[in-house]
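*Asks:* Chain residues, written in single-letter form:
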Amino acid sequence: MDEPASPMADSLSVDRELYRQLVKGREEAFGALYERYQGPIFRFAWHMSGNSAMAEDITQEVFMLLIRNPKNYDPAKGSVAGYLFGIARNLARRRLDRSRLDEPLAEDWMEGNESNVAGDTDLLGDLTRTELLHCLQKAVLGLPEQYREVVVLCDLAEMSYPDAAAVLQCPPGTVASRLHRARAMLKARLECQGCVK
Amino acid sequence: MNQPDNRMSDALRRLNAVAPQGASPALGDMLKDEFRHHSARRRRMQTVRISLLAACLIASVGLSLILSRPRAPNIRVVHEPPQIAPPEVNLAGLIEPAASHPAVQTPRARVRTRKIAPAEADRFVALPTFDPAIPIDHLEMVRLDLPGRALQLVGFPVSEEIAERRVLADVLLAQDGTPYALRLVRSSETKEQWQ
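Protein sequence lines, in the order shown, are assigned to chains D and F.
First residue of the first sequence: 1, per our numbering; consecutive thereafter.
First residue of the second sequence: 1, per our numbering; consecutive thereafter.
Where hints are given, some of them may not hold.
Here are the simulated DSSO-like pairs of lysine-lysine, each with C-alpha atoms no more than 30 Å apart in a straight line [what the hints assert, rightly or not]:
hint : chain 1 : residue 1 : chain 2 : residue 2
1    : D       : K71       : F       : K32
2    : D       : K71       : D       : K24
3    : F       : K32       : D       : K24
4    : D       : K77       : D       : K24
5    : F       : K32       : D       : K77
The hints are simulated quantities; they were obtained by calculation from the structure and are not laboratory data.
The following block holds chain D by itself, in its conformation from the complex (with noise of 0.2 Å):
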């Protein structure tokens, strides 16, 4: 599969060469974007839903969207791939919306552990072990959704921090403080959950 290492990396002029050969209804120029992207778009998609049925309509229903209207794309406002994922962001919020799959954890909670976790040093050690991971997936999805984004987008889909500002909208220094604050509240709810010692 050609997928580029970080989704809004170096390819921007690829990538709109490929927009632009799709709006004229190039098949090939669908299927190279479709190619390279449809990997980051469903990971993003599972990451934020954690399930994958959830994931692979998103996906669907992204680039259904490029199809049925390619003209809505702007290349002044932004890369293709933040194009893609911010349709995908917003079908994903509908969609969790609708699901209530996204509970937040209580403020509360968060608030009181955050501060123990942070100085930790040796609390994510078992992580790396395979039969964790799951802790983990649990553990983002449990976070409320605008840190679960930045988690996803910039841990995960590994998106520089501008990046991920063009997708979610915001400032990068948003982004910046709200990555700060999930790995935070990503510690908080492994130790809770007893995944690590």
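Given the coordinates of chain D, work out where chain F should sit on it, guided by the hints.
*Replies:* Structure of chain F alone, referenced to chain D:
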């Protein structure tokens, strides 16, 4: 980034690595099919739109050409030898021979005072000044009370008897004032129609 953050990032990267890597191949095939159909549909619609636009353009050009084409005067000249029978008491006799002279039909002619009915137009007699080659957009009809001899001057054939009288005549004038055709008017017609 400190050590716990690095470890967290590593763990998340591992999580990403064990996550499903993409949608099913069936979805890709379905989406590519959909794109193909959608593109074909869009092309068809574009073709239809362009065809319709071209048809409208051609129709409007054709219509404008038809409308802008100069209208023929629609004057039919019947070349027959003039046979004028001078009237006895009224001018009816003079009016009848009009059919035997080159007759002017002006069904589309615009008249200043009133429209000329086709039947009426048939009774006009073309004067020597009438030139069917000159395009005439519209004619004006004026009614004149004049001595019969004046009719002779413009080339209208009248008998000596009529030449001595004063007569009423409708004259079809071109835009430049040239008399093209003429007819004599009955006195009764004068009262009824020329109000």
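*Asks:* Hint by hint, say whether it matches the structure.
*Replies:* Status of each hint after checking the structure:
1. Simply put, K71(D) and K32(F) have alpha-carbon atoms about 18 Å apart, close enough for the 30 Å limit, and the pair holds.
2. Pair hint K71(D) plus K24(D) holds up; C-alpha atoms about 10 Å apart against a cutoff of 30 Å.
3. This hinted pair checks out: K32(F) and K24(D) have alpha carbons roughly 15 Å apart, not beyond 30 Å.
4. Between K77(D) and K24(D), the direct Cα distance comes to roughly 20 Å. Compliance with the 30 Å bound is thereby established for this hinted pair.
5. A threshold of 30 Å between alpha carbons decides the hint, and for K32(F) with K77(D) the separation of about 26 Å falls inside it, so the pair holds.
When held up to the earlier numbered hints, the structure conflicts with none and fits them all.
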